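Colleague: Given next are the chains, with one letter for each unit.
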Amino acid sequence: MESAKRKSMPTEALRPNKQHRENGSAFSIEQVACVHDVSYPEGYVITKKPDSSDTKPAKEFPFALDPFQSEAIKCLNNGDSVMVSAHTSAGKTVVALYAVAMSLRNMQRVIYTSPIKALSNQKFREFKEEFSDVGLMTGDVTIDPNASCLVMTTEIWRSMQYKGSEITREVAWIIFDEVHYMRDRERGVVWEESIVMAPKNSRFVFLSATVPNAKEFADWVAKVHQQPCHIVYTDYRPTPLQHYIFPAGGDGLYLTVDEKGKFREESFQKALNALVPKGEGEKKRENGKWQKDLIVGKLGEETDIFKLVKMIIQRQYDPVILFSFSKRECEFLAMQMAKMDLNNDDEKVNIETIFWSAMDMLSDDDKKLPQVSNMLPLLKRGIGVHHSGLLPILKEVIEILFQEGLIKCLFATETFSIGLNMPAKTVVFTNVRKFDGDKFRWISSGEYIQMSGRAGRRGIDERGVCILMVDEKLEPSTAKMMLKGNADSLNSAFHLTYNMLLNQLRSEDGDPENLLRNSFYQFQTDRAIPDLEKQAKALEEERDSMIIEEEDSLKNYYELIKQYKSLKKDIRDIVFSPKYCLPYLQSGRLVCVQCTGTDDNSPSFLIEEPIAWGVVVNFDRVKPAGEDDAGKKPADANYTVDVLMRCLVSREGIAKKKIAIVPLKEPGEPLVVSVPISQIVNLSSARLYMSKDLLPLEVRENTLKQVSEFLSRKPTGLPLDPEGDMKIQSSSYKKAVRRIEALEHLFEKHEIAKSTLIEQRLRVLHTKYELTAKVKSIKKAMRSSTVLAFKDELKARKRVLRRLGYITSDDVVELKGKVACEISSADELTLTELMFNGVLKDIKVEEMVSLLSCFVWQEKLQDAAKPREELDLLFTQLQDAARMVGKLQLECKVKIDVENFVSSFRPDIMEAVYAWAKGSKFYEIMEITQVFEGSLIRAIRRLEEVLQQLIQAAKSIGETELEAKFEEAVSKIKRDIVFAASLYL
Amino acid sequence: MEETRGIQLSLNQTQKIRLRKAINHLQSLYSKINSNASVTVADTIPVNFEDSILKGHGTSERDGEVVATLCGVVERVNKLIYVRALRARYKPEIGDIVVGRVVEVAQKCWKLEINFSQDAVLMLSSMNLPDGIQRRRTAIDELNMRRFFEENDLICAEVRNFQHDGSLQLQARSQKYGKLERGQLLRVPPYLVKRQKQHFRHLEHFGVDLILGCNGFIWVGEHVEARDTIAEDRVDNTEQQNSKSNRSAHDMPIEMRRNICQIANAIRVLSNLGFSINLEVILEAINLSIKLNLGIDEMLGSEFHVLVAEREVERRSSLTKK
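The listed protein sequences correspond, in order, to chains Z and E. Everything in the first sequence is counted per the working numbering, starting at 1 for the first residue and increasing by one. Everything in the second sequence is counted per the working numbering, starting at 1 for the first residue and increasing by one.
Just to be clear, a hint being listed does not mean it is correct.
[To be verified] In silico lysine-lysine, DSSO-like type, Cα no more than 27 Å apart, as pairs:
id	chain 1	residue 1	chain 2	residue 2
1	E	K179	Z	K955
2	Z	K955	E	K79
3	Z	K798	E	K79
4	Z	K163	E	K291
5	Z	K163	E	K91
6	E	K21	Z	K163
7	Z	K480	Z	K270
8	Z	K955	E	K111
9	Z	K795	E	K108
10	Z	K844	E	K91
11	Z	K774	Z	K565
12	E	K91	Z	K841
13	E	K176	Z	K534
14	E	K194	Z	K798
15	Z	K841	E	K79
16	Z	K818	E	K16
17	E	K194	E	K179
18	Z	K56	E	K194
19	E	K176	Z	K223
20	Z	K887	E	K194
21	Z	K798	E	K197
22	Z	K818	E	K197
23	Z	K163	E	K16
24	E	K91	Z	K200
25	Z	K163	E	K108
26	Z	K200	E	K197
27	Z	K974	Z	K163
28	Z	K260	Z	K223
29	E	K79	Z	K200
30	Z	K818	E	K91
These aren't lab readings, by the way, just hints derived from the structure by calculation. Everything numeric in this text was worked out from a predicted model, so none of it was measured.
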């Protein structure tokens with residue numbers, strides 16, 4: 001073990017007193033402020049409720065409540081819904097606990113929903129210890145479904161509402177934990193459905209991470225349910241955070257944001273300067289491979305991550321959670337800790353006991369799984385790994401060990417940042433970028449807030465530490481955005497699904513349009529309308545207030561200039577196309593270039609544009625990115641010309657310089673700049689003798705002096721004649737030239753051109769035009785949001801259902817529709833079609849299970865082996881069905897990429913699942929595929945869910961053989977480690 | 001007699017001929033659709049065994065052949081084959097709206113006769129409490145069950161699901177389900193009520209609620225405002241309800257009674273003729289009776305039956321022409 005001596009922090013001495021935050025709170029600024037607000041539905045009459053403060057609270061806590069907690073509890077006591085928005089560590093659970101206690105006291109049912117099964121399990125345990133009358137319903141397990149307090153996943157709650165379970169008539173309080181999950185692209189819609197359909201007269205408790213638009217959400221709930229909804233918002237952290245940067249290759253931490261939220265610029269710069277340039281790593285990334293320095297670290301040398309962990313342990317900043325963004329990376333980093341041992345012998349014994357007592361429920365074969373046996377040595381040294389690829393049971397053991405303080409250093413993925421209170425003293429981000437499906441982007445401030453929420457243990461640490469490992473230069477503004485930015489706002493991710501439509505159509509009261517109208521999505525678009533209107537009006541007013549004299553003739557002139565410019569550009573494009581001008585771009589040629597003004601965003605309205613002369617040094621081809629341009633003709637490629645000319649250099653920050661080309665006579669430095677060919681205005685027939693070495697400043701000055709001398713003799717600069725010298729015969733060139741001559745003639749006649757201040761006036765006119773265009777686009781946006789969102793899609797999707805015979809033309813759900821109603825864990829249309837086509841009937845149970853695995857497996861494997869022939873044949877049948885469904889959707893104008901849709905069914909785990917259904921041991925099937933153990937287990941569990949739904953479906957069409965077959969399939973796959981019970985139960 | 005479908009009417013000769021003509025016409029309109037798909041018990045259903053098939057309700061396999069176990073019409077959905085029985089008892093499906101009569105108040109539930117092979121069960125917990133409060137049901141609620149519904153009360157509910165033991169569970173999703181008062185119940189063969197988007201209909205013109213139960217029980221009664229209003233006027237609502245139930249049927253205005261009877265008779269006529277019953281057809285029949293200025297009692301006469309049949313021929317042929 002490393003010697004553990006506290007070293008003082010490099011820069012900041014800590015402040016013991018708790019921080020005060022001023023939030024303009026509506027009331028009590030005691031210790032920590034929170035904002036309390038209420039949304040009332042329209043036309044709601046506020047009645048004074050009887051003061052409930054003297055009645056006994058339903059639950060008393062052994063500690064003093066924070067103001068936001070007591071505020072929220074006050075609302076609960078008054079029987080009002082409340083939305084609590086606070087950081088993960090702030091203690092929102094207290095509110096949930098109180099709501100449960102209160103409901104139980106009042107003999108009411110209460111439901112707690114969370115987005116993740118594991119979280120539900122943990123909450124179940126927590127509630128069960130506190131209150132006895134608690135049940136659990138997830139897809140995997142059902143315990144005591146008749147209890148007064150039910151913990152479930154949101155999906156289960158949604159389907160209960162569709163089925164009209166009696167619980168919906170008895171539930172008084174519904175607690176939605178982590179409600180910010182609503183912005184999840186795939187699953188978020190489930191929250192909206194659940195909230196919209198929730199029984200009338202029930203009350204809600206929403207617990208969410210900090211979201212800036214909590215008020216908007218509450219307004220929506222108030223509107224949909226016609227009841228007041230309170231908002232209690234706080235961004236208080238019980239333990240303040242310090243943010244450090246650890247530059248790659250460096251060896252120290254740099255305090256970037258202190259616990260008062262101050263950004264320390266100079267320290268940030270120091271950190272970046274300490275960053276060791278990577279060279280090698282840079283190239284690798286360009287090749288598309290994301291390899292990091294800290295991984296590549298040379299043999300024998302300590303890697304960055306090792307150095308960092310060592311430092312953390314030395315400074316007693318442990319326990320520490322190190323977040324990375326992929327499972328593989330997580331494991332890889334943990335492997336680099338091989339030399340480190342953070343636990344003493346007592347702790348090792350403890351870990352071993354806990355570990356084996358948990359593994360006891362596994363069969364002997366499963367205990368020998370490599371993942372299990374490899375994990376223990378690591379854990380014993382106080383190092384853990386936590387990601388979704390682990391066996392669920394291992395994941396839970398690690399969570400328990402971490403909570404017990406036996407794991408000092410945990411490598412985790414983002415999933416660890418949600419859910420149960422598992423704080424550490426320190427949180428490390430091993431990467432500043434995250435892959436989001438198509439590119440590596442910066443971590444968003446919302447993600448940063450969520451993950452850094454794990455830092456700082458309440459009551460133990462005086463402050464939490466966040467360390468950001470940086471391996472590339474980043475702008476202070478980017479860092480500020482990431483470290484100090486706002487939480488992501490809660491936006492609707494509503495979308496339609498067929499299952500939703502069918503369920504809505506099936507019930508007498510249900511109406512998909514009603515659901516759409518009440519959705520948060522619609523609410524948000526509706527809400528934007530007054531804003532848009534205001535904007536449009538303001539812009540219109542601004543436009544109308546611009547009064548321009550002689551507007552008509554000015555307009556005329558404006559149009560002429562526009563034409564003239566576009567013609568000029570045409571000519572330039574012809575003359576200075578590489579084909580014609582390349583031969584003249586020798587070094588020493590005088591060239592006339594458009595000035596890049598300092599304020600280039602407003603176009604100029606002079607006929608004569610500002611130009612500057614310079615000397616050509618060289619020209620260069622620009623390689624189009626990623627293309628092999630060997631076969632391209634030189635004429636087609638893009639070129640830049642290096643020109644020596646006078647430039648104005650303004651410095652902004654350190655990294656960026658802004659260079660503006662200025663005319664010769666103006667002050668500036670003589671510099672060589674590269675200019676795209678399109679910027680060339682003229683080429684002179686004259687050439688200068690150029691010195692070969694342009695590095696010394698005097699040489700450049702002298703050259704430019706020569707240019708000025710030449711120009712003072714020949715003010716026109718003796719341009720090349722396009723037709724004579726450059727031999728341009730193109731007819732379009734001639735035409736353009738003639739038209740320009742005509743236009744020039746018109747200009748002379750135009751009276752207004754002679755008026756003073758013509759440029760300013762044109763500028764005003766231009767802004768006016770721009771305003772008009774803006775107003776137009778805003779009005780367009782308004783038009784599209786006044787109609788019901790998704791209306792067209794709804795129509796298209798109903799068309800699909802009709803064409804497939806799921807509903808009749810009067811929207812009555814038919815037999816097939818009833819089957820699809822039951823299927824919510826897989827693609828309902830494809831699976832229903834497959835079933836009605838008899839595919840599932842003919843094949844063996846194992847084959848059927850294997851085929852169904854394609855519906856639940858979503859990860860993409862790069863080099864998965866093709867399944868054997870029989871299975872592949874089945875998979876082809878599945879693809880045919882999917883393609884049919886996909887094409888039909890396209891025909892019905894549902895926006896869908898058919899091939900994408902077809903390839904969303906993955907055959908990767910068919911073999912493994914086939915073997916599992918045949919009765920193989922888990923270690924045997926793990927040898928068949930390369931997937932993570934945890935992922936496979938999750939897929940098989942989901943498969944069981946689908947089978948349960950299919951049993952219901954088969955029952956409703958009266959096909960008893962199929963029903964029996966599904967039952968058999970369930971019994972075949974539901975065994976051993978895959979369905980091992982959670983340790984939390 | 002096939003043509004008249006066993007209608008017990010005293011028709012004179014011309015009426016007979018007119019009715020037969022109308023019904024033949026109607027049959028000819030649909031003859032193409034209803035080809036020889038009808039089977040009786042033990043009839044072999046022709047299938048192509050090369051394709052795999054799924055055998056649904058009303059079918060069985062015997063000696064390598066698919067045979068019908070019901071009299072009815074063979075329906076095919078992709079590879080699924082099932083027999084839809086005509087003129088059978090009601091066969092419930094999840095989501096159906098039914099009207100039923102309480103036959104027993106049992107432990108925590110009511111048993112309802114809904115024209116199914118067994119009584120349906122409406123759990124105490126499957127209905128909303130009249131005051132709209134969301135809470136667990138207590139022993140006191142159980143004792144007070146007769147306050148909600150007692151034997152012979154009529155109740156409207158939705159089919160929720162089949163339990164594992166095969167019993168049928170009902171539910172009352174919202175306040176618009178529940179006890180039916182001040183009106184009359186009609187029983188028609190269940191196959192005449194097709195599943196529709198809406199089974200609750202409010203005929204504003206007559207001030208009458210019409211509930212077309214999928215089980216062939218049709219309710220025609222005085223319109224009741226959906227009690228599902230917001231929580232604030234909960235208090236007044238319960239008072240209203242109390243006073244309403246106290247009010248006996250005697251103080252129903254005669255006009256309302258006439259309306260109810262008129263609609264009920266129109267349905268009776270349609271049911272006698274064996275026409276499927278939906279709002280459109282009912283309104284058509286009522287309008288016809290108003291146009292002819294017929295008394296309510298005259299609506300059940302043979303002449304009106306024939307007229308309705310002829311009117312239906314007109315309507316359907318105009319539909320098919322379109």
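Colleague: Need the list of violated hint numbers for this structure, in ascending order.
Modeller: 1, 4, 6, 9, 10, 13, 16, 18, 20, 23, 24, 28 and 29
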